[in-house]
Amino acid sequence: MAARPRALVVRSAGTNCDAETAFALESCGAQATILPAEPFLERPELLADYQLLAIPGGFSYGDDILAGKVFGLELAARAGEQIVKLVQRGGAAIGICNGFQILVQMGLLPGLEQPFGKPEVTLTDNDVHKYQDRWVRMRVTSDRCVWLAKGETLFAPAAHGEGKLIPRDEAVRRTLHEQGRVVLRYIGPNGEDDPPFPHCPNGAVDSIAGLTDRTGRILGLMPHPERHFLPWHHPTWTRDGLAEVPDGRKLFERGVNAVR
Amino acid sequence: MAPNPSPTSAFLRVEVATRSGLPDAHAKKLAAEIGRTLGHPVEVQLIRGYSVAFVGSPPGEEATAKLHAVLADPVLHQSQRLAADAPVPPPPAGWRRLDVVRRPGVMDPAAASVLRALEAVGFAPRSVRTYRAVLLRGAADEAQLQTVAQRCLANLLVEEVRLDPREAIAPFGELAPAPFRRVEVALRDADDATLVRLSKEGMLALDLAEMQAIQAHYRKEGRDPTDVELETLAQTWSEHCKHKTLTSAVELHGDGAPRRYENLLKETIFAATQQLNLPWCLSVFRDNAGVIEFDEQYAVTFKVETHNHPSALEPYGGAGTGLGGVLRDTLGTGLGAKPILSTDVFCVGPLDLEVEALPPGTLPPRRILQGIVAGVRDYGNRMGIPTANGAVFVHPDYRTNPLVFCGNVGLIPRDKIAKAAQKGDKVFVLGGRTGRDGIHGATFSSLSLDSSSSTVASGAVQIGNAIEEKKLLDAVLDARDRGWFTAITDCGAGGLSSAIGEMGEELGADVELSRVPLKYQGLTAGEIWISEAQERMVLAVKPEHAEELRARCKVHGVEATELGTFTGSGRLRLTFAGQPCADLSMEFLHHGLPKRTRRATVAPRAAAAATAGATEPLPRDLDCNRLLLQLLASPDITSKEEIVRQYDHEVLAGSAVKPMVGAGGFGPSDGCVIAPRLGSKKGFAVGCGMSPTTGAADPHAMALLSVDEAIRNVIAVGGRFDRLALLDNFAWPSVDDEATLGSIARCAEGCRDAALAYRTPFISGKDSLHNQTKTKDGVIRIPPTLLVSAIALLDDVTGAVTMDAKRADHHLLLVGETRAEFGGSRAHTLLGRAGGVVPRLDLPRAKALHEAVARALASRKVRSCHDLSEGGLAVAAAEMCLAGGLGAALHLGNVPRPAGLDDDATLLFSESAPRYLLEVAWDDLDAVTQLLSGVPHGVIGTLTERPVFTVSGLAPKPLLQIDVAKLTEAFRTGLDF
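Those sequence lines, one after another, are chains A and B. Its first residue numbered 1, the first sequence is counted upward by one per residue in the working numbering. Its first residue numbered 1, the second sequence is counted upward by one per residue in the working numbering.
It should be emphasised that the hints constitute simulated quantities derived from the structure, not laboratory data. Incorrect hints may appear among the rest.
[Said to hold, decoys possible] Distance ranges between label pairs, derived from CB positions:
id : chain 1 : residue 1 : chain 2 : residue 2 : range
1  : A       : 170       : B       : 87        : 51 to 59 Å
2  : A       : 43        : B       : 515       : 30 to 38 Å
3  : A       : 143       : B       : 930       : 50 to 58 Å
4  : A       : 77        : B       : 515       : 31 to 39 Å
5  : B       : 103       : A       : 45        : 57 to 65 Å
6  : B       : 296       : A       : 189       : 22 to 30 Å
7  : B       : 26        : A       : 189       : 24 to 32 Å
8  : A       : 189       : B       : 963       : 19 to 27 Å
9  : B       : 515       : A       : 45        : 31 to 39 Å
[Unchecked claim] With the C-beta cut set under 10 Å, the calculated list includes, among others, these residues of chain B facing chain A:
id : residue
10 : 26
11 : 28
12 : 263
13 : 383
14 : 470
15 : 471
16 : 515
17 : 558
18 : 561
19 : 654
20 : 804
Just so it is clear, CB atoms sit at the ideal spot from N, CA and C, and this is done for glycine as well.
The shape of chain B in the complex, shown without the other chains (with noise of 0.2 Å):
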């Protein structure tokens, strides 16, 4: 049972709206949104409800103008008290009233405040709950309105609509807490259907050797398991906690002999970094975040994370939540960094697919950006850190299970890397309070999604409150400067079972579950112990300090409570008023899950080469201008501004490379440059690589294109090459067979040997896999897909380089050879044309090109450079001549090219890598052309004050002719959400 909505004191509402004459830009955004969906006008007006229980009576109508004076804009508002027992204000004649409320034991962050403010003028009140009604003019008919209801106005998960409401919304009353029960689950004796059932009644997402598992050790412990050790196993063991199909061996098959690998990722990724061991890398795939070396003093940390099944049923939530995550995950790092940078990339669906067009149950692609973009900024904008890097992909088979990738950079001293609880530590869990927010959370991921996900997971879905989670980072790096604790994690997925399992792991622990705050009672001890609620942290405790924590916790309104003790007996016991309910051997639920053993297979090389590359070249009556303007306007290269303009990309003052530059400031960056320790100028740059249109031909040459991509992102802002980390997310949909397992693994292996070759460690990682969809016309699986974050270093950001043009005459240099390369590329997808030859690195040349490059731009005679990646050399020169305001006059014959290769529209829109484009000045020529002495390049032509951008081709005649006021209208297109 959720919170009881029947009052248990009474109760006034106040409902606020704009006078009228002054504008309302929330009602008149509503208002177009509707226009949209229904295909013709509406008129939209708001109010904001506010209903308030008191301690004793509500305050008397004297004091009706102090209430309104907290509730409204004496300015903007008018508003209207409104008894308890007072009818719902009836809207004038011609309009609907719609009432929109959260659906009970969802969170309602303002209800906080809004206590604050009412406490502030001297009011006493119990409870508050808020709400929005509509009012709304212009609905044809009763299914007109239930559109709006369900398209516009609401997630049904979390709210519910009331047309025409009559009954007053009253505030929550509080329920009475929940008696406890002991519940033993009968295991022992179960055969192998019942073990089966009762996995996927309980929601535990384990299947019959894991339970078995389970049943052999209770039968040893000669009893049945509680039902919070049974879920304690299932939170712990969960593909999402434990990642336990790339932790398992898998075998490979299918090209050259068969090789083993006992645990994927660490044979291939993480044995990479220990490989090449280099010192800076100060804690790498074993804490919350990868952490390397920043200056003296401090260290910085990468984490990114994804939080896609959420995201597919309520996008705001989810994308906001996703964020909340990682920057937890940094705050878990060490003794607690200090997130400085968030990073965020989506895919999605094709965003002009209607809702007719998908599965049931399905949000379009539209709103699920929508969403995800206002989660996102609503959450970094209140944390108050920059998000300033991030890419949007678009793919049709994204449709239904778009991701939603999350990336933080912290800040930490160096001495605060370290950590480990102590015996004798107090257990204490910080911040927000637990509700019956994402129950099954962790589990639930771990499943593939089906129509039937957006009813059953509604528990799942959790609504973050940022400025909970603000005050929460802020006590725990004043607590962390202050020594008081010995090690920190986040409560994410799986809540207090996974972070007090994991820091308790060597030592165990005793907790006392009926001491977690709640939100509202009712909670069982099962319920507090796997709860997903947000903005949570556990900390080791020194004893001594116990008591400080908590005062100091108070001045930054943050709760501190003592759960129990980190004690050194190797297990967990679970006691709920003094009652035990669980004792779980530490052992067992970190070492018991079953190994299993895994075949996989892959293509062998040449067959996939072949295959790949049997595709006609470009026709040779190409419209090339016609292609580069409709390259310029696709989703994935068009520009994000209508996303990054609505982030605080700027905030904590680091900003040294935006994510727009140029002089129009919409040229669009490579990478970010930030400068976080204020007055320093060391700083680093961040960027991404993603080549999710290539997976499916050949995994491994994704994985090199996606590290090889990220590297030029953040080598063409200057980033340092010798100092320069890397991240894998993998996104893939089941492994469950053989194949795709096997695919799974080649890009393994191609991250694995770009890093040893390039010599660019992998930090940190997470997978997310079974990204899939059930659906009555069979499953939709997202194209395999892995992102590549980069972080390198700069010594000095005033030697950052930028992608905008600068000057007229100066020299555009290309480095790096054009091949026939046009497997995936964009030219493809818009020409509708499969197959082609997927990019091929050749690592060693790489490398020395990327160490070229990076030398160059150290010179600082390099004015500007830009990556070549989706569009080819056309849409990187293209790009660089509009963030410029300048034209170019480029000259194909000296594209570095294998010989024979004769065709102009091929060396316009080929996606070959590694290769960059650099600007140069006519003095600095022989400079630059000497640090890239050993490396393809060659001068292609100039930069012009005429805003006109032209090639001409081999045969030397016109082949493009643009005037830049139309590329950047193009490019400028946008995305339409």
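The shape of chain A in the complex, shown without the other chains (with noise of 0.2 Å):
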């Protein structure tokens, strides 16, 4: 495929992190173009054109009624169709917090019974009750996803206040684990598993930070790899150093590499 794959960032009324998802996309190589909502809806074949799709975090129309939800339902309306073929054609998407609201709303993660439109898990208020930006470690569990390589570490903030994710059955919960969709889960910091807060900052059932669909190609999670990109974003770079290749970047680089 292309070279410099091409990369649509669409950002809606509130979205807040477009224009350092792009900029992540473009250092690793890809050709990114932010575009709001309207036209994205208006025409959405335009993806066509794309190899990439990012829908990055923020607060999609105020995240009134359910974060992620009003942007959710008019992806799923308008556009739903036109991201599955994006990934059955070879490309890739990913949604960052927000982004990750969206596209659990509009049910295309996970996607179990149908590629989109039936939402199986949700995002909601974590257990502190209170927005909570901290950094996190998270392992990749699942050798699914083209993002990700399993057994990896990923440190990056969580900023969000609404990243509990609850399945919505005991089926829907195991079926994720059987079938490789819980591709990240928060650790503590000496890899446990199934830290307390504030190591899982929300809650989560299991864990869980990041799912996948069923092609492995499109990857929703809570934390912000954007915003470890550049060696400096890390927290303790004055302690440790600057590291050559931050977490964040490796996961953009495999992200835009699974579409080359």
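Taking the hints as your guide, dock the two standalone chains into a single complex.
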């Protein structure tokens, strides 16, 4: 595919991480375009010209009703088919924070029973009932997703009020694990599974931080890899020095390479 | 009249609750809050309600599932559809139901999103009203329910609570447009008493001299003013817009030869900037924010605003709109700067003061702090602008009048700094619709609070809508880059009247008020003109681009409306549906305010120093361990983690030094560092300084101390001293008496003296007067408060330094002299001692010290650096240790000090300035010492692997020994709110 894949970064009213998400994709070799929701919803078929789709973080439409709900409904109604086609033809997509909430509300993630349109999990209020901006560690627990490599860890800031993932029921929960859809889980400072707050910032079921779809080409995650992209983003770089390849950069490089 | 709650078309309600067995964090938190208020546990369930009117009849039963899919989460919620005439579902036995609804006319930000979501799935909603229902079990009696309603559920200014409601909540109907009525105010023949009465009745906040000036003007014009003209004058001449107290002439008496300032701030603070004449200051005291050079292509803007009185009444809305306002200041600077960093400083009363201990009508400080933190959090986070620097101060005299300072830094291309509306440009308003919000906000903030404020001023409270402002921001920056407009300003205090009045000052403007898009009908021309509805900007649009602008705004979901033309006539002419309602001379509007001369007195300097100095030294048997732990847990020093973590302080990915640093991520950073252009290492640091405990004793010293602390906070993280700019914010009680006016004058002189000596110019500022409250027991006046904010450039953010101790065996170097200076110190506050010498700054020596420290940091040989401020050396060293998870062994023998000072406790806890603590490796000690030559400094100890903090005194014996874990625990006590 293209040497310099084209990435579409779609923003709605209230999206606020679009510039840094586009910067991350560009820095990893993609050619990124930021597009407001209106023209995208009017002509979702323009996605045919792209290999990557990113739904960045923010508060789409104020996160009124539920986080990601309004934009999720709009995307499901008007662009769901196009996004499914994008990954079918070898493209990839990522939803970060509010973007993850949007993909969950449109039912694209996890999309167990049908590709989209039927939400099977939700992302709701953190157990501590407040917005939290803090750095968290995650482990990649599946080899299903093109954006990630199993066994690696990812250190990045979580910044959300509604990140507690709850599956609809026990069957959904089991299937997520069995099919390797749970790709990222919060871990403790020494790699412990299922850590307490603050290491798991929201109380998510099974410490789930990220999911992938049936193709493994769509990633949704609550923490922000684009905020651990430059070496000085790291909260203790003045103690431990500047990393050559920050964790978040690895994730974007994998995603861009997957569509090259 | 506000909008009418009676519906105009059929409607239905959907009520959504969390399924049983699933967590509801909101309900849990509310139950805890109610339990705390009532003193016993309660149970709470929450219901979210949506009342929706449709075009035509509501969707049939077959569409119910789709309706639920929009308004509820299939995983979490159960929802219930209720017809318009269905009764309110009764709560289970033993429970009570309380409905919380917004009052008519109060912003309902979620309504627009619900409309949009319903449309997305094919419904045709007409209007939406959202509400909450609280189901409560465990209130003992009706009195407890009332307490819950008032203290935990609602702010009765903007919401009402309906106990055991029977009637369904209906969507708002539509009002008829208000008929236009031209009102002339009979002013020409009024006597003085009538003039005063007219001002008071109209809430104009104009004094007799001002009313007389207006009278004289209209006598000359040979007619009476219209109500709209009078309002326009009142808004434009308000303290809030014109700062007339501090722009009047002041004669200062009492400390030597009397001196006169024609314009106090202009001839002190601004004059210093002019005198320095630094080429990197690109726009100062002219625009909505100060502007300095950043790199070859960009400049940074900085502005700090206050929003005090609204925050006293409705802390959540007040603080949110405070932040929203300063963000629009950034957006209204030049042709529009992009906001990239927010700051917040709060001054509140002691958090354990309960409502019973406060004057009637006052919210308890704890609730005020909860509200303002939530307001800044929700507005800032939704805007996607990091809030990464701030402070909290607690003092009893802020109990009725909290201070809320919100600041913002913006980034702007250097070729977009200049602006000027041109004759023929179109007057456009962009953004939110206009309602009755905040009518008289500008004049309200110019009056003092009293117990009736909470009722009379309900119209002055605005509720913000951050998403509306985010859209506006995106649209304005887009249009800016396309070059479609020639000038822009924000609609702040005074609304359109101030914005258009200001932009058209040179040209004049014709404006048709009936074109202004309204939230609801029924507003009069005058109300439209002065409404302070949030999230609006006024632009002067090139006529040939008006169409494109409208179309492009639509893409961003922003309304853009042409209201008129900048004419060149020099007159402000307003019409409503073609009928004239004002025709004012811009010259009189902007220059007709009568100039006054006010006399001010200050205490002779020698006398001030003598009374301030008369205190005994600290007791010889002082328990230093105990005092240090108390200091670390005290409100001004303790960790603000609880607040900082609720703010998105890393969005935009520019964060290079965060507000909290160190091994555990809770060390209190002196300032934050941002690299705003992704991929570039060029950055800036922001910090602040404040010393409200010294202002009453010595306002001049307070100014020097505040400037110095702000500077230390940015130098300590690696900021350049020679690219450092300052902002002033004066928050004072009423300055109607000579002594208080004198105190603000001395403070302004202090700012000037520091700026000139350090060559650190002030680039913008703001004052807020009348911060006092009338109670039946007398007037509560806030301490005179100066906030100084600093911004300093860094050529390379990878050279930034943080305050956490880095490695065992590194040395700690104290820079700066310690003297016995306890005036206003935290040690004195905690020990209940009054008086004491206010720290004195020797400006030339202090300048040399800052330069030396900046040089040392630039050498990259300083591993950590911390400013000494509240709590002195003991607190600074303890904070470095707890942030780095290391111990330290200090010896006071090497502390630089004047001869004869031999008191250990003084060396530990005095708050002399300027001082810094530096961590340096053994190998680098010579090099760093060299860079500090000529400046008092001494190696006072080393860092240790063993996590214990020990200090030995001048007589070499143990003075203090505490485990770092205990220091950490004390520091992380946090504020209880």
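Cross-check of the supplied hints:
1. 170/A <-> 87/B: 51 to 59 Å: Violated - the Cβ-Cβ distance for residue 170/A and residue 87/B, about 37 Å, lies outside 51 to 59 Å.
2. 43/A <-> 515/B: 30 to 38 Å: The hinted range 30 to 38 Å holds for residue 43/A and residue 515/B, with Cβ atoms some 32 Å apart.
3. 143/A <-> 930/B: 50 to 58 Å: Hint holds: Cβ distance 56 Å, inside 50 to 58 Å.
4. 77/A <-> 515/B: 31 to 39 Å: For residue 77/A and residue 515/B the Cβ distance comes to about 34 Å; the hint holds.
5. 103/B <-> 45/A: 57 to 65 Å: Violated: the Cβ-Cβ distance is about 46 Å, outside 57 to 65 Å.
6. 296/B <-> 189/A: 22 to 30 Å: Violated: the Cβ-Cβ distance is about 43 Å, outside 22 to 30 Å.
7. 26/B <-> 189/A: 24 to 32 Å: With Cβ atoms ~30 Å apart, the hint holds.
8. 189/A <-> 963/B: 19 to 27 Å: 21 Å, holds
9. 515/B <-> 45/A: 31 to 39 Å: Taking Cβ atoms as reference, residue 515/B and residue 45/A lie about 38 Å apart, which means the hint holds.
10. 26: 6 Å, holds
11. 28: 7 Å, holds
12. 263: Given a least distance of 41 Å, the restraint on residue 263/B is violated.
13. 383: 7 Å, holds
14. 470: The hint holds - residue 470/B has a Cβ within 10 Å of chain A, the shortest such distance being about 6 Å.
15. 471: Because about 5 Å separates residue 471/B from the closest Cβ in chain A, which is inside the 10 Å limit, the hint holds.
16. 515: 24 Å, violated
17. 558: 9 Å, holds
18. 561: 18 Å, violated
19. 654: 9 Å, holds
20. 804: Holds - the Cβ of residue 804/B comes within 10 Å of chain A, reaching about 7 Å at its closest.
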